[in-house]
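Going down the list, the sequences are from chains S and W.
Numbering follows UniProt numbering, in which position 177 of the first sequence is assigned residue number 177; successive positions increment by one, without gaps.
Numbering follows UniProt numbering, in which position 241 of the second sequence is assigned residue number 241; successive positions increment by one, without gaps.
For the record, the hints were derived by calculation from the structure and aren't laboratory data.
Do not rely on the hints blindly, as some may be mistaken.
PhoX-like, lysine-lysine: derived pairs with alpha carbons at most 20 Å apart [to be verified]: (1) K117/S - K196/S; (2) K222/S - K53/W; (3) K196/S - K159/S; (4) K435/S - K48/W; (5) K130/S - K53/W; (6) K436/S - K48/W; (7) K222/S - K314/S; (8) K85/W - K208/S; (9) K208/S - K103/S; (10) K248/S - K113/S; (11) K174/S - K482/S; (12) K85/W - K147/S; (13) K85/W - K53/W; (14) K103/S - K83/S; (15) K212/W - K130/S; (16) K48/W - K431/S.
Computed footprint of chain S on chain W, listed as stretches where at least three residues anywhere in the stretch have a Cβ under 8 Å from a Cβ of chain S [to be verified]: (17) 87 to 95; (18) 160 to 167; (19) 245 to 256; (20) 264 to 272.
Here the structure is a predicted model, which means the values were calculated and not measured.
All residues carry an ideal CB built from backbone N, CA and C; glycine is no exception.
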Amino acid sequence: MRGATHAKWAAGAVVVAMAATACGGGDSGGGGGGDGSGVVRSSWGDPQNPLEPANTNEVQGGKVLDMIFRGLKRYDPKTGAAKDMLAEKIETSDQTNFTITVKDGWTFSNGEKVTAKSFVDAWNYGASLKNNQKNAYFFGQIEGYDKVHPDSGSQSADKLSGLKVTGDRTFTVKLTQKFSTWPDTLGYAAFAPLPKVFFDDHDSYVSKPVGNGPYTVDSYQKGSQMSLRKWDRYPGDDKAQNGGVDLKVYTDNNTAYTDLTAGNLDLVDDVPASQLSNADSDLSGRYINTPAGIIQTLAFPFYDSDWNKSDSDKVRKGLSMAINRKQITESIFEKTRTPATDWTSPVLGEDGGYKSGLCGEFCDYKPDEAKKLVKEGGGIPGGQVKIGYNADTGSHKEWVDAVCNSINNALDNDKACVGSPTGTFADFRNKITDKKMTGPFRAGWQMDYPLIQNFLQPLYYTNASSNDGHWSNKEFDSLVDKANGEADQSKAVKTFQQAQEVVRDNMAAIPLWYQNGSAGYSDKVSNVALNPFSVPVYNEIKVN
Amino acid sequence: MGRYVIRRLLQMIPVFIGATLLIFLMVNVMGDPIAGLCGDKACDPATKAQLSKEFGLDKPVWQQYLTYMGNVFTGDFGTAFNGQKVTELMSTAFPVTIRLTIVAILFEIVVGITLGVVTGLRRGRPIDTGVLLLTLVVISVPTFVTGLLLQLLLGVQWGWINPAVSTEASFSELIVPGLVLASVSLAYVTRLTRTSIAENKRADYVRTAIAKGLPRRRVITRHLLRNSLIPVVTFIGADVGALMGGAIVTERIFNIHGVGFQLYQGILRQNTQTVVGFVTILVLVFLAVNLIVDLLYAVLDPRIRYA
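Next comes chain S alone, as it looks inside the complex:
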């Protein structure tokens, strides 16, 4: 897409020129006044998958689910803490068996009552292999998952044996192992309840989803627009502060941004990279840039014996100290990334397990020590670091080149590091799954739920689903097991932090930076914020 890249540059130049002449946009459309009936016009991208809760793993579909569904828990948009939503209580005495009581008085927007069965049916559907739900692994901790979703072959059961409806509003869950913070995972969209129409008339559900959230779908033209309107009989206390939201699909985020500056759009939650440097002035400060639960790291191929020698940790630490994170985040990312000092994310908060500076000096830029450590560790395997990345999306080339530059400067060797691009993202993923990486490679992690567990277990536990480097460490594994069995939240978090120290001492992956979410909005709306998943908190937006 050479043309597109050029277009971005041109657009950048043009908008710079526009900012220089201090020109604002005109006014048209919108409206509603400050009585809470105004409609927010927001940019959107075509969701990659049908809008099924257990099948949506990207932010565009996530936006809609966040508006039309409420689960047992909800993550506080500001702190990320999991708070009871539909759950009246979730009880356990052994961290394995949970009894869940659903609040009374909740209905779907079509009038159907939300019962324990709405949850159990939804979870069974999500876990079942034949339904092709991409978030099925969320149900992996529930007993019977290996029957409904075997790694190979066909399923021998349709329902999770660990789920039992015990009353109209109560059901029990049995996990395969202790997992004390499991209830806090229930805020994820995959755990949403589903109405009967989802199972009985799936096509009509997909063309116009029905949920139990503060908004209802008014009309949905696939691939172009979705109109959501406030649901007046919504029983929750997070009622919509506006009359509705119109999500408009844009072919390009530059076009959406232009439309925002022209006053035809109220909210763009994906400010194009080329506009970041001038967005704040273009929009007279109506620009937000807040941490999201995403961390970028460099993972290592531990299946390659060259990278897994007894002294290799020194090489990895040395490389980490050779990266000038501060400079790269400021010059390339315009401060939309923050240098990482641990392996989690600031959105977890101190109580949730984020510990600034846990990485210590290993994440500081210390070229001299970096050189020393790499030498002590036996030098770089093969004499050259090849950082793997995919070239098709996300402008990874820029930062990989910058990281390599930094390493080359620190090690006084202009051939110490080069980028090693793979054409497409899918191909890149294939190489990783097939264990074909020969050097460190880009690894991004977007949290599923704001728990420290989610930043460690799936990534570093032996043979975990996203342990792409296949790192394995007994001490780490046992600490994670211990933490999951801990009944006390704060003790569990402490133990996870100990486990994270093991990651640090071995430098299982080099933490690079925490990613921010950015959004720009028009002067017609206020109270705009992004939640820890970088999805705008639509129900709190006020239309002036």
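Since chain S is already given, all that's left is putting chain W on it; use the hints.
Frame of chain S, contents of chain W only:
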């Protein structure tokens, strides 16, 4: 004439099969699309296997192609990864792109040919030099620059139009995008017409017509223009296909949800079904338009006969 058309229609079959096969292979070379569906995480192997099976990706490529072509002939273009039928995508995308193409072609015909005739008749005069210079500028500036500039000037600075086209994409909204899309071809049409007119102006049949005492207007429209338009018609005909498929840049700039956008998104998501389906239709359009252009020759130039 009839036999000629039949022969041409038969020739289309190998072209059609070859073109679709090439596209099918090219999309397949990009690698396994399923791996990209699960974000930065690895898809769990069971779901991955299940999806491959559902989209028929677990079979050898030749078998995938045969199944696909078989389905195409029954009107089933498959399903995109987001669960939408490709035919459904087509029914929303093609009308929009066809409207955009019509606007663009109208610009080419009306503005391009008029300018061409005017400059061709007044060769060497200031107006000729002026228009020539202008076309040179238009040809040398890439479409995305013209597009973004017009969008910014008319849409943001002066507020004459909306910078982004709405989902309805009515004709009036498509005027500026259509002009942008047509701009380069428009310049070519002007130049082609001009050269052709200038050359034929000195032809014997024109001199004869003038000598017969026909009015100037009739000489130009009936004799001069009719013969001079042959190369122009070829160009515009070939351009219909090019405009429909090549509108990716213009469609992205002006937020038009047409064929170009669907193709772009299909390629990004490695959605074989969408890409091959749309390209197949474009190939058909191209072939049909070419045939029509060839038949038009006979209408324009009585000397041409098809046996």
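Restraint check for K130/S with K53/W, where alpha carbons must lie at most 20 Å apart: holds (11 Å)
Pairwise hint evaluation, K159/S against K196/S, where the allowed Cα distance is 20 Å at most: The hint holds at about 17 Å.
Given hint K53/W paired with K222/S - CA-CA distance at most 20 Å: violated (25 Å)
Agreement of K212/W and K130/S with the hint, judged by alpha carbon distance not exceeding 20 Å: The hint is violated at about 82 Å.
Straight-line alpha-carbon gap K436/S to K48/W, limit 20 Å: holds (19 Å)
Proposed proximity, K431/S with K48/W (alpha carbon, max 20 Å): holds (15 Å)
Hinted pair K222/S and K314/S, Cα distance within 20 Å: This hinted pair is violated, its Cα atoms lying about 52 Å apart.
20 Å limit on alpha-carbon distance, applied to hinted pair K103/S and K83/S: Between K103/S and K83/S the Cα gap is close to 13 Å, so the pair holds against 20 Å.
Assertion that chain S covers the region 245 to 256 of chain W - criterion: three or more residues, beta-carbon distance below 8 Å: holds (count 8)
Pairwise hint evaluation, K103/S against K208/S, where the allowed Cα distance is 20 Å at most: violated (26 Å)
20 Å Cα cutoff - pair K174/S, K482/S: This hinted pair holds, its Cα atoms lying about 19 Å apart.
K117/S paired with K196/S [C-alpha distance capped at 20 Å]: Since the Cα atoms of K117/S and K196/S sit roughly 10 Å apart, the hinted pair holds (cutoff 20 Å).
Hint compliance for this structure: hints 2, 7, 9, 10, 12 and 15 are not met, and every other hint is.
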